[in-house]
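> Starting from the structure of chain A, add chain B where the hints point.
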Amino acid sequence: MGASFLLLAIVLGISLGTVKVPILSTIQILLAQIFPFVSLDGVDQMHVNIVSNIRLPRVILAGLVGAALAIAGAAFQGLLRNPLADPYTLGVSSGASVGAVVTLFFQLSLPVIGAFTLPVLSILFSFITIFLVLGFAQKIERSMRVETIILTGIIFSSFLGALISLMIALTGEELRQIIGWLLGSVSMRGWVYIKIILPFFLIGSAILIFNGKELNAMSFGEERAHHLGVNVQRRKHIILMAGSMLTGSAVAVSGTIGFVGLVIPHLARMLWGPDHKHLLPLSILTGSAFLILADLVSRTIIAPIELPIGVITALVGAPVFAVILLKTRAERSG
Amino acid sequence: MRSSYLKQEQKEVVNMLHIQHVSGGYAGHSIVKDISFEVNKGEMLGILGPNGSGKTTLLKIISGILPASEGTISIDGNKLSDYSPKELAKLIAVLPQHAADPFSYTVKETISLGRYAHQRGWFHSWSKEDEETVLRVMEQTGTLSLQDRNIQDLSGGERQRVYLAQALAQEPRILLLDEPTNHLDLSYQKELFDLLKKWSKECELMVVSIFHDLNLAGLYCDRLLLLQEGKIVIEDTPNEVLKQERIQTVYHTKIAKQPHPKVPVPQMVLLPGWENELIDEIYQVDPSVIQASSERIVVKTEQPLKTMSSGVIGSGTGWYQNFVNRHVDKTYNCSDHKQEMAHYLERNGFLPGETVGMMTAVKLEDVSYKLYIDGQVSIFVVVTAGVGNAIDASVMDREVFDNKPGTINTWIFVNGELSEEAFIQSIMTATEVKVKVLQNEEVLDLNTGTLATGTSTDSILIAATQKGTSIEYAGSFTQLGRLISRGVFECTTEAIRKSRLRKEGMS
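Protein sequences, first through last, are from chains A and B.
First residue of the first sequence: 1, per the numbering used here; consecutive thereafter.
First residue of the second sequence: 335, per the numbering used here; consecutive thereafter.
It is worth saying that the hints were derived from the structure and are not from the lab.
Think of the CB as a built atom: it goes at the ideal place given N, C-alpha and C, for glycine as much as any other residue.
The reader is advised that the hints may include incorrect statements.
Each computed PhoX-like pair below joins lysine-lysine, with the alpha-carbon atoms no more than 25 Å apart [unchecked claim]:
1) B:K565 <-> B:K591
2) B:K770 <-> B:K832
3) B:K591 <-> B:K577
4) B:K697 <-> B:K634
5) A:K277 <-> B:K442
6) B:K634 <-> B:K704
7) B:K801 <-> B:K591
8) A:K277 <-> B:K535
9) B:K462 <-> A:K277
10) B:K532 <-> B:K596
11) A:K277 <-> B:K801
12) B:K424 <-> B:K535
Using C-beta positions, here's what the derived DEER-type ranges look like [said to hold, decoys possible]:
13) A:R234 <-> B:D487: 47 to 57 Å
14) A:I154 <-> B:Q578: 51 to 61 Å
15) A:L132 <-> B:P401: 22 to 32 Å
16) A:I154 <-> B:G362: 23 to 33 Å
17) A:R234 <-> B:H363: 20 to 30 Å
18) B:G362 <-> A:F131: 58 to 68 Å
Computed from the model, here is a short list of chain A residues facing chain B with C-beta under 10 Å [unchecked claim]:
19) E214
20) F220
21) A225
22) E306
So here's chain A without its partners, still in its complex pose (with noise of 0.2 Å):
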């Protein structure tokens, strides 16, 4: 089901938009992409051109987007064991932020990495925060429980965002390019940033899933989860990596975009269990749906003018986000 609605999503995508691609033509074109024997006769040229240099990579960058922040969500809801726990909660997409906007108010180009440097910049500053947030808390608490974790990771949630407040009081003309940034977007990325983000997200993902089990033992309290044999706190550490590598190389192509990584693992816990060996792959397919889509009504819903993507996830999902509560509330008390 996840995975069908998520090549439902990817043919959608790319097929429409301002220049509308006739869906067969989309599938036959994706087709030829995967094995070149496919023919493309009687496509026209210019669909074939839009797909494959615009739509694909947009699709796919967004699919990729989404999928590293809802599983990273999904994995950071179990470790934490707060439902409302998101990448947002642990500072690190802050970190990015910082990353990316320094490199944004200063003009910065790094030797040999060029054009890469935000991207690079933002995933060095989200580790630098991890590291950061971990330290801080081991320094308040040795054993680092996670109410300590959330607050320190809180605390500097709240300072970066006071820097990056600070950095676009001080700026002149980049202005609208940091804000612009800030509000997340997939558009005009290319192929470069599939590069960027592909290798983390492989990781990240693989290493989450592997610790399925461990998540689940985890969901139900660190001490519990060493009763019942986990190595609490290097598995902690691992799976806290893993999420902030995914998030920080999600914020570093797409900028900030909100929402995915606390909606859509709810929403997959309630369709399919709080399982994690099922929750984290579904939470792939769900959040690369859910962006893909939210990308889509980005760019068409008042076209030609493209809505930050951030605007979209938020919309929608701010009030789906309040309806689960509220539904989970009643089904509790009821």
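Using the frame of chain A, we list chain B on its own:
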């Protein structure tokens, strides 16, 4: 038998949990100090102690949640700190006081997590053995029927059983429990510990459990460990540990100890604060409480009295405030006289649970009663006596049993606080005096022609206010003993004479 078993085990370190000089706590501050004890296989050890005495901390150190700052914990001679978390989980399982369950796992998913430590490989493949173990523990804990339910929808008791099943699915050799009966009602408490006791013997499980309930601990544990301010006060059998004075000092509260009615273990009962207030207002039983008619003699007291009696209803020891001596016809013959008596009492407005009821065929007009006072101690004696059925109890092999009317019912109400011993001595003294009265009055056993010692249906009742003067002994030479001697002698003599006079008058 148990002690020989212990000795045999102590020779080897195999199958034993050793705690040696363990101290530990939080952030450099030791909460438990220098604790040493051991647990053998198949044994249940209870940890007791007031709040803040370090029970939970000790359990956390044993389970590896908190590090021991000093000392070692070992099983079979191997230090626990040398085990990996997974290996440890196959040895020790913990039943938590309360587990957080923020997500809606099903019961079976939750229990299956207990198999985590037994699974191998990156994908933790689920083996046939895992499935069988989970099914077995679900059956043992009665959670099989709940398996597809959501744990968030379960009651506290059901949830506790699910987590017990999870712990058992680990197939541990040591089971640690932190006040496991916290959320359980009475029947589940019993069920849980019956099961644990059974498993501890059958599966040679070592069970270490924290208890709030001293009585539950005394009922089920082989040994108890009493903690106070992080140190062991005593570690011994329940009978040794649960001493009234010790528990009062450690828990800083007033309690009393009494034997369990069925099994040889001590039970501690709380003494409520209002008990002290009642002590101040001295309640005295005096002749004003008696209402006598030809149908029944009733003593109704304002407060319940601690009573030891051989009545038809309310016999044995208990607290009662109605005392009824009922006249029945000499032809009274009922197959279930207890039931009939209970109905009679209810019909006449006495709650059987608050009443001691006796019967007699003697005319109640011949009752004799009087208040006897000696300084602080006073007793009120009520006697009805008929000797038509008098027998000599020392002659055992009598041939005929005459069912003639005649019963001596002796009631002694004591204004004072009697020890159990004093109750028994009161009965002895009263009986001795009764026998003497029968001798003085030359009452004969008509079958044997010897002096009678009583009738075949005599009853006695000692009821004390349990307030005022504390009376430890009631032998015939004590203050109370003398009062009883005098009172029973005078009243019984008078009652017998009245009864005989009436018979003579009638004939």
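> All the hints need checking, so say for each whether the structure fits it.
Here is what the structure says about each hint:
1. Among the hinted pairs, K565 (chain B) with K591 (chain B) is consistent with the structure: their alpha-carbon atoms are about 24 Å apart, no more than 25 Å.
2. Restraint check for K770 (chain B) and K832 (chain B): the C-alpha separation of about 18 Å stays at or below 25 Å, so the hint holds.
3. Straight-line distance between C-alpha atoms of K591 (chain B) and K577 (chain B) comes to about 7 Å, which keeps the hinted pair within the 25 Å bound.
4. Distance restraint check for K697 (chain B) and K634 (chain B): the Cα-Cα separation of roughly 21 Å lies within the 25 Å cut-off, and the hinted pair is therefore satisfied.
5. Taking the CA atoms of K277 (chain A) and K442 (chain B), the gap is about 15 Å. The hint holds against a cut of 25 Å.
6. Of the supplied pair hints, the one linking K634 (chain B) and K704 (chain B) holds, its CA atoms being roughly 16 Å apart against a limit of 25 Å.
7. Simply put, K801 (chain B) and K591 (chain B) have alpha-carbon atoms about 19 Å apart, close enough for the 25 Å limit, and the pair holds.
8. Restraint check: the Cα-Cα separation between K277 (chain A) and K535 (chain B) comes to about 37 Å, which exceeds 25 Å; the hinted pair is violated.
9. Between K462 (chain B) and K277 (chain A), the direct Cα distance comes to roughly 19 Å. Compliance with the 25 Å bound is thereby established for this hinted pair.
10. Distance restraint check for K532 (chain B) and K596 (chain B): the Cα-Cα separation of roughly 19 Å lies within the 25 Å cut-off, and the hinted pair is therefore satisfied.
11. At roughly 69 Å between alpha-carbon atoms, K277 (chain A) and K801 (chain B) are farther apart than 25 Å, so this suggested pair is violated.
12. Between the alpha carbons of K424 (chain B) and K535 (chain B) the distance comes to roughly 19 Å, so the proposed pair stays at or under 25 Å and holds.
13. About 34 Å separates the C-beta atoms of R234 (chain A) and D487 (chain B), a value inconsistent with the hinted range of 47 to 57 Å.
14. One distance hint, 51 to 61 Å for the beta-carbon pair I154 (chain A) and Q578 (chain B), holds here, with the actual separation near 53 Å.
15. In this structure the supplied range 22 to 32 Å holds for L132 (chain A) paired with P401 (chain B), their Cβ-Cβ distance being about 26 Å.
16. Here the CB-CB span from I154 (chain A) to G362 (chain B) is close to 28 Å, well matched to the stated 23 to 33 Å.
17. The given range of 20 to 30 Å is respected by R234 (chain A) and H363 (chain B), whose C-beta atoms sit roughly 27 Å from each other.
18. At about 26 Å, the beta-carbon gap between G362 (chain B) and F131 (chain A) misses the expected band of 58 to 68 Å.
19. Hint on E214 (chain A) holds. Least Cβ distance to chain B is approximately 8 Å, under the 10 Å limit.
20. Hint status for F220 (chain A): holds, given a least beta-carbon distance of 6 Å to chain B, under 10 Å.
21. Hint status for A225 (chain A) relative to chain B: holds, with the closest Cβ pair at about 9 Å, below 10 Å.
22. The closest approach between the C-beta of E306 (chain A) and any C-beta of chain B is roughly 37 Å, which is over the 10 Å cut-off, so the hint fails.
Of the numbered hints listed earlier, those contradicted by the structure are 8, 11, 13, 18 and 22.
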